[in-house]
Amino acid sequence: MNGKKRKKKKMDNMTKLLIPLAVAINMLAYNVLYSTTMVILGDSIGTILVGAVCGPGPGAVVGILSNLVNVIKNPVMIVMLPLNVAFGVVSGYLSRKKIFIRLWKAVLCTPIYGFIGGWLSGSIIFLAMGGDFWGNMASVFVGIPLFNAGVPKYFAMAVGQLLFDCIDKAACLILVYLIIRSLPDRFLIKLPYGKYVTSKQYDESEVEF
Amino acid sequence: MTDREFIESFRHYQKKGNWWCDFHPIAKLVFCLAFGFMSLIVFKWQAGLAIFILAGIIAIFTPARKTYFITLGVMFVVGCLFTVVVRLYVHMGDPGPVAFYLFGKAVPKAAVISCLDLIFMIEGFLGIFMTFFLTTEMRDLCYSFEQIGMSPSATFMVLSTFSGIASIKEKLNSVRESQRARGIETEGSLIVKIKSVLPVLFPVIISSMTGVEDRTLAMDARAFAANGKHTALRKVAPAKPVEKLIAVLALIICVAGSIAGRIYL
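Here the protein sequences line up with chains B and L, keeping their order. For the first sequence, this note's numbering assigns the number 1 to the initial residue and increments by one for each residue that follows. For the second sequence, this note's numbering assigns the number 1 to the initial residue and increments by one for each residue that follows.
Everything labelled a hint here was simulated from the structure, so no lab data went into it. Beta carbons: idealized from backbone N, C-alpha and C, even for Gly. Careful, some of the hints might be misleading.
Stated by the list, open to error - Chain L is faced by these chain B residues, among others (derived, beta-carbon under 7 Å):
#  : residue
1  : Ile19
2  : Leu21
3  : Ala24
4  : Val32
5  : Met38
6  : Ile72
7  : Val107
8  : Pro111
9  : Ser123
10 : Ile124
11 : Asp132
12 : Ile180
13 : Ser182
14 : Phe187
15 : Leu188
16 : Ser199
Stated by the list, open to error - In silico BS3-like links for lysine-lysine, alpha-carbon gap of 30 Å or less:
#  : chain 1 : residue 1 : chain 2 : residue 2
17 : L       : Lys15     : B       : Lys153
18 : L       : Lys195    : L       : Lys16
19 : B       : Lys105    : L       : Lys109
20 : B       : Lys190    : L       : Lys229
21 : L       : Lys169    : B       : Lys190
22 : L       : Lys171    : B       : Lys190
23 : L       : Lys195    : L       : Lys15
24 : B       : Lys190    : B       : Lys200
25 : B       : Lys200    : B       : Lys98
26 : B       : Lys97     : B       : Lys190
27 : B       : Lys153    : L       : Lys16
28 : L       : Lys15     : B       : Lys105
29 : B       : Lys153    : L       : Lys105
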């Protein structure tokens, strides 16, 4: 009983330390990936990672904190808060289905993340910015050409956002999968959702915390 | 500052000698949130401009005025101009009263007003929040939240997020240098840069994550999770009645202004 209590406490502390680290990973990945590729944002890698290894709650907290940090640089980003939270929550639930054990399973989940990060973010921008196009690459390269071809403005913008975001999220999911695979099993099994991201079988009583 | 002065500074409430910087952090946050969201909700250039001017006046009287206007200018170019160009392009040739002609096509007045609404919504929202973030230390804000009942774990997470970003950037630079010493090219053409992303990014992330285990032990050794009231080195003065009044007034103005703005503007 006492051992169980001690185990829970320490796991919580690890999660508490992983949350700020995941926010920093989001910032770092954005700076490195976006400045190099101009298509892959990578600013949700940390959120998806913590959602996958610690669960939906910590994932949501990473989303909130990441947005808080972004808000300092660009306060308009506050409208994107629900999306960052959704990435963390969805990752936690998908992790329970053991999707981060196989690469193909992780990549197949791209449309789910793409819908949240693309379609829903596009809808929020559309509503928050007065029902018009926003000056980003998705609008310029896909949204406006579709609109000029006769597609209604909302759908043109949403499809553009969805396409660009699916590319970003596919890359993020691959990177998250590779990061999880690079982490030692003895580290993963100490995390709340570690058992869902490693295929190694272990007896909980054997784990030293 | 002598050692004695440094020690003595922690025996009193933290003061910076500027009325806005010394404003209670939570009252200041409520004030800025109220006006920021009013700009977003009303979404008309008149409301945005009024809030932008208010933020500018506040910023002029703070030590952060230079950073404020530079950041605002950069955000205007990055965040607004591109969107304005896109919007004007989309609306070129639309029916309605003409504001001016661009490349031989009519730009309607409605498109110009829509752009003004967007610019001043962003600048108003951005301006009022910049006055908050540039003049408030995050540790003071977290301390104030802790005083009104926020859990120390939550404030720890917020504060270590900000310190973590700085330390992970330092780690990135040292890993980049190390990889360069091992012969991995990190500068050059686009292809070279893309190739160098993973060898630089992965060691930083993996080593930071595995380092968490040691930090957990250190936290336990210092009884972080122990029950009891946490003590603080820096202390912030409690909110004065006038500061509370200003925060409440800002909330009332936000609600009344948002309703009036949506109806009459």
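Here is how each hint holds up against the structure:
Of the supplied interface hints, the one on Ile19(B) holds, with its beta-carbon coming within about 5 Å of a beta-carbon of chain L, less than 7 Å. At about 6 Å, the closest approach between the beta carbon of Leu21(B) and any beta carbon in chain L falls short of 7 Å, and the interface hint on this residue holds. At its closest, the beta carbon of Ala24(B) sits 4 Å from a beta carbon of chain L; the interface hint therefore holds under the 7 Å criterion. At about 6 Å, the closest approach between the beta carbon of Val32(B) and any beta carbon in chain L falls short of 7 Å, and the interface hint on this residue holds.
A distance limit of 7 Å between C-beta atoms decides the matter here; for Met38(B) the minimum to chain L is near 9 Å, and the interface restraint is violated. Using the Cβ-Cβ criterion of 7 Å, the hint placing Ile72(B) at the interface with chain L is satisfied: the shortest such distance is roughly 5 Å. Interface restraint check for Val107(B): the shortest CB-CB distance to chain L comes to about 17 Å, outside 7 Å, so the restraint is violated. For Pro111(B), the interface hint is violated, the least distance from its beta-carbon to any beta-carbon of chain L being 25 Å, above 7 Å.
The closest approach between the C-beta of Ser123(B) and any C-beta of chain L is roughly 16 Å, which is over the 7 Å cut-off, so the hint fails. Residue-level restraint check for Ile124(B) is violated (minimum Cβ-Cβ distance to chain L is 12 Å; threshold 7 Å). For the restraint placing Asp132(B) at the interface with chain L, the shortest Cβ-Cβ distance is roughly 6 Å, inside the 7 Å limit, so the hint holds. Hint status for Ile180(B): violated, given a least beta-carbon distance of 10 Å to chain L, over 7 Å.
Look at Ser182(B): its Cβ gets to within about 5 Å of chain L, closer than 7 Å, so that hint holds up. Evaluation of the Phe187(B) hint against chain L yields a held restraint, the C-beta minimum of about 6 Å falling below 7 Å. Interface hint at Leu188(B): violated, since its Cβ lies 10 Å from the closest Cβ of chain L, which is beyond the 7 Å cut-off. Checking Ser199(B) against chain L: minimum C-beta separation of about 19 Å lies over 7 Å; hint violated.
For the proposed pair Lys15(L) and Lys153(B), the alpha carbon gap of about 52 Å is over 30 Å, so the pair is violated. Restraint check for Lys195(L) and Lys16(L): the C-alpha separation of about 48 Å exceeds 30 Å, so the hint is violated. Using a Cα cut-off of 30 Å, the hinted pair Lys105(B) and Lys109(L) is violated, with the two alpha carbons roughly 51 Å apart. Between Lys190(B) and Lys229(L), the direct Cα distance comes to roughly 28 Å. Compliance with the 30 Å bound is thereby established for this hinted pair.
Between Lys169(L) and Lys190(B) the CA atoms are separated by roughly 27 Å; this keeps the pair inside 30 Å, and the hint holds. Between Lys171(L) and Lys190(B) the alpha-carbon distance is near 25 Å, which keeps this suggested pair within the 30 Å criterion. Simply put, Lys195(L) and Lys15(L) have alpha-carbon atoms about 49 Å apart, too far for the 30 Å limit, and the pair is violated. Proximity of Lys190(B) to Lys200(B) is assessed by CA-CA distance (about 13 Å); at most 30 Å being required, the pair is judged to hold.
The suggested pairing of Lys200(B) with Lys98(B) holds, with an alpha-carbon distance near 12 Å, which does not exceed 30 Å. This hinted pair checks out: Lys97(B) and Lys190(B) have alpha carbons roughly 19 Å apart, not beyond 30 Å. For a cut-off of 30 Å, the pair hint linking Lys153(B) to Lys16(L) is broken: about 51 Å separates their Cα positions. Restraint check: the Cα-Cα separation between Lys15(L) and Lys105(B) comes to about 55 Å, which exceeds 30 Å; the hinted pair is violated.
Taken as a hint, the Lys153(B) and Lys105(L) pair is honoured in the structure, with Cα atoms around 21 Å apart against an allowance of 30 Å.
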